[in-house]
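2 protein chains.
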Amino acid sequence: MSSATYYRTHHCGELRLSDAGVRVTLAGWVHRSRDLGGMTFIDLRDRHGIIQLAFNMETQALLCEKARKAGREDVIRVSGTVTERSSKNAHLATGEIEIVVTDLEFLNHSETPPFTMEDQTDGGEELRMKYRYLDLRRPFMQQKFILRAALIKAVREYLDENGFLEIETPNLIKSTPEGARDFIVPSRMQPGNFYALPQSPQILKQLLMVAGMDRYYQIVKCFRDEDFRGDRQPEFSQIDCEMSFVRQEDIWQMFEGMVKHVFRKLQQTELPDFLRLPYRDAIARFGTDKPDMRFGCEIKELNEVCTGSEFAVFNQVLTNNGLIAGLVATGCAGYSRKQIDSLTDYVKAPHRGAGGLIYIRYEADGSVKSSVDKFFSPEHLQKILEQAGAVAGDLLLIVADKTSKTRKVLGDLRLELARMNDWIDPAAWSIFWVVDMPMFEPDEETGEPIFAHHPFCSPHPDDVEFFDTDPFRVRAQSYDLVMNGNEILSGSIRIHQPALQRKIFQILGFSEQEIESRFGFMVNAFRYGAPPHGGCAFGLDRWVMLMAGGETIRDVIAFPKNNAGKDLMMEAPSPVDDAQLKMLHLDIIPTENKGSA
Amino acid sequence: MSSATYYRTHHCGELRLSDAGVRVTLAGWVHRSRDLGGMTFIDLRDRHGIIQLAFNMETQALLCEKARKAGREDVIRVSGTVTERSSKNAHLATGEIEIVVTDLEFLNHSETPPFTMEDQTDGGEELRMKYRYLDLRRPFMQQKFILRAALIKAVREYLDENGFLEIETPNLIKSTPEGARDFIVPSRMQPGNFYALPQSPQILKQLLMVAGMDRYYQIVKCFRDEDFRGDRQPEFSQIDCEMSFVRQEDIWQMFEGMVKHVFRKLQQTELPDFLRLPYRDAIARFGTDKPDMRFGCEIKELNEVCTGSEFAVFNQVLTNNGLIAGLVATGCAGYSRKQIDSLTDYVKAPHRGAGGLIYIRYEADGSVKSSVDKFFSPEHLQKILEQAGAVAGDLLLIVADKTSKTRKVLGDLRLELARMNDWIDPAAWSIFWVVDMPMFEPDEETGEPIFAHHPFCSPHPDDVEFFDTDPFRVRAQSYDLVMNGNEILSGSIRIHQPALQRKIFQILGFSEQEIESRFGFMVNAFRYGAPPHGGCAFGLDRWVMLMAGGETIRDVIAFPKNNAGKDLMMEAPSPVDDAQLKMLHLDIIPTENKGSA
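Chain order of the listed sequences is A and B.
If you're matching positions, the first sequence starts at 319 in my numbering and goes up one per residue.
If you're matching positions, the second sequence starts at 319 in my numbering and goes up one per residue.
Derived by calculation from the structure, the hints in this document are not laboratory data.
Ideal Cβ positions, reconstructed from N, Cα and C, are used throughout, including at glycine.
Careful, some of the hints might be misleading.
Said to hold, decoys possible - From chain A, some residues computed to sit far from chain B (all C-beta separations above 12 Å):
| no. | residue |
| --- | --- |
| 1 | 357 |
| 2 | 499 |
| 3 | 845 |
Said to hold, decoys possible - To give a feel for the contact side, a few chain B residues facing chain A, derived at Cβ under 10 Å:
| no. | residue |
| --- | --- |
| 4 | 365 |
| 5 | 390 |
| 6 | 505 |
| 7 | 562 |
| 8 | 711 |
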């Protein structure tokens, strides 16, 4: 009970049959009302629940008349007595009681809202975003924010207990190189100069380690001015952590412990220890570094068993050291021609770019039928099926291409098959580490080795010798945590030796002058006794989304932006007046094509 | 103990005599080292404390030689045995023991730092800011951040327990009118349009109340592009709170409870109930709305007793309905002419602007001497002293001017006297509410009534009738919390009725069109059932500063900016390259006088 006793003595959701006879005052929103002639009922709603109010026309005609005027979403305050219901509602926590009302006050009126306040609302996405304050009034949405707050609370509990200090880092910083584009903020006091909004507090948290803060965390907004591919937001929240005097093992134990703590608190679940999957295995077995392991259907490599045919596609791939590999779609031998065509279109989509999809049906009766019958004997096809681990009734789908493409395409196809066949148990959790990430990846255009992470990531000490001779072999001390096919954590052991850091900058192609102007303060800091350190950052929005059952991170962000970076409720961004621009010494360059930059 | 067992088994500060005989591994910084010939001692430091390491030249010559090479701030890892010291150090928590070291590893070297890592460092402000990562390494500074984290933790505990939901609001929003200048962020995707960084989440938290979130809090960065008068920062942290279905009393109880909880947790102190001081009384008694009540010396009004003299200054003030008032400086009758002259200069300083300072000494022997002896009989002066409550040995200091100026000047003078006479007990706390703030204040130039708060603040229901007839009489439902002379909380009951909100906007001079373009989404929201609500925001940095004993809020902000808005460590703000500006469709207007905007 709160100290607020004028407006309410209780919340709507907390009263029970054991409170029968208690005189209470409640306040909230009119969720529904039903006028049954003799009786009028109102469902009163607040964040804590819904309770039925009863007004009796016979005994209190004036009051009942007043109650009949209550419209949807009006704000009211009532006093009355908790009374056992004659017809109970088992679906409602307060369903055994109602409030027999003696006083009713209208605190505010509501126009008819543009959509219903129900779980399954009739409002479309755009409308719900424009009226986000009403969208959030739906209990369905409120539950997500209650869960978000509970998750954050559990995280803080764990980190506080483990000696992490919450330290705030600034939002107006110097532009840092994290791969994405910075949002910049013009300085009025230093005309022509700009702050940048942080893409992450990466450098600052490393400096906090140099400052001897030992263990740091912060739940912090990060900003990236990217084009909005997929489910991204220009600002998002990170659980940002860093530790001194640690190796990878220490970090894995610490944050595996944190995730387990959160599941214990929020779901009363004891998670099993997390698998540590080497990056190379993840790619080979699932075609991605963030596999969803709630189902099997791993990639089966078939190069060896596919030799010796007249099938030119295979032979060419074999000659070029490519990869022939397949997925066993369990129980899918009966797929129609149309279904298989649709999967073929799926893998041939421009952003996947497979040349085609080969199928081998392993019919229930043991016979075999395939799209390459004319190149392979039935015995050979049997061997391929056997190698892939297929049994009668299965469908084997094969891609043959450059190794990386075969894997990528089959990784996507694997997810598509799971969706089509409902292979994923929505109540299951698949959480594991991906470790031994590569230090370099091939540049998409040139194939040259480029850094796979930010320039502060430490190479595996055993692999430094391959830096020049075999860069793709160099492992970084870098790791991800994957949850149901989403990367929810990324981290690394950082470089703490000034000489190695400088070497990495040089490999990245920075001149001495650039190193000084962009990272000077960091390189300087490392000259004064930087401790060994490492850490990670969790994508908070995505983690909450997975646990709250949302479909996009917009569902768990109070006031999100749309794909064009617009807040439809506030109508931001918006023009500013000329005086303000003048004060900032800025001019807008007119654009011919105003819609696109 | 952490799971990190390669680098360390314990922290430096946690070992005690009871651990004697235990084999430990420690890591940290070389705080000091002493080479005594036969023995070398190193004080090893981490965030948790300092411990002495002992190296014996006789028994382990090689190791001792190595230890002698350790310079200040080198990072080392040692293993050894906890051993009772022969000469104990009572000033150190670990002072009864030392580690007899058997292994020493250098983890990193440090150049000679630019200042010492001591509480009383030899580094000036600018140097400490440039090397903030070293400044923060000083235990003296680390304690402040440990306290800051503990304060935030206690705040969250209390708010979580009281049903507040932590909800994050966006940083890229629409420009809102909170009195100060917005920082703006150019949008690349919407050329010519800008986001604003929030001066506070005021409107958004009110919309969360409209959304039925009931109780909200957030520890949030706020941004104001102001010229840096006094101890301000362009970005600062607020504990931002809002509650639905409350009146002022509910809010006062809730947040008084929170402050008491924090003091209980951090200082094991039970604070007494907070006084509620009406704004008018604060101004009349102390000349300010944020008095420091750790000492007395209240303003004594003397108009009545000062009538009937030939002193033109008084008579003129009396004729013009001004105020003659004074402060009794207890025991200061012996002030020298020079001391009184210096106080006179103080009140006559341009930004105070008093015409002069009148004194009356009440000598220890009961005689009276004043700067206005020729206008007043000794008996009259005695009467004035009596009215002011002075006793023998006191000094009465009088200002006569317009009422507001007399109060303001004496309010300042009161603080100056306290500083000069050491009247303030640094261990004392003075915490109280200032309530019944006025709705309007006179415009500094025109004297016309203008709003004293933001346009969402609700007037006192009893005073609405005076809106047009006597606006300065209208009280707002607005309140501050004052701690040792600093405003650390400000809040109000908000308007929840759309018609009243519209009226206030009109009084503020907004046209219908401006209301629509600037506040349209808020006015709209209020049409759909806004609950009665109110809240407050704490200035977190200032509160932490007061409890951590800092002199400026820069002491409790990890990476603060200087008075020119610069981060001296990162060298931000800085120029950005032309390509980036072009992408934002922006041009910089060259300035003739580059230093000032």
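How the hints compare with the structure:
{"no.": "1", "hint": "357", "verdict": "24 Å, holds"}
{"no.": "2", "hint": "499", "verdict": "7 Å, violated"}
{"no.": "3", "hint": "845", "verdict": "5 Å, violated"}
{"no.": "4", "hint": "365", "verdict": "4 Å, holds"}
{"no.": "5", "hint": "390", "verdict": "9 Å, holds"}
{"no.": "6", "hint": "505", "verdict": "4 Å, holds"}
{"no.": "7", "hint": "562", "verdict": "8 Å, holds"}
{"no.": "8", "hint": "711", "verdict": "48 Å, violated"}
The earlier numbered hints that this structure contradicts are 2, 3, 8.
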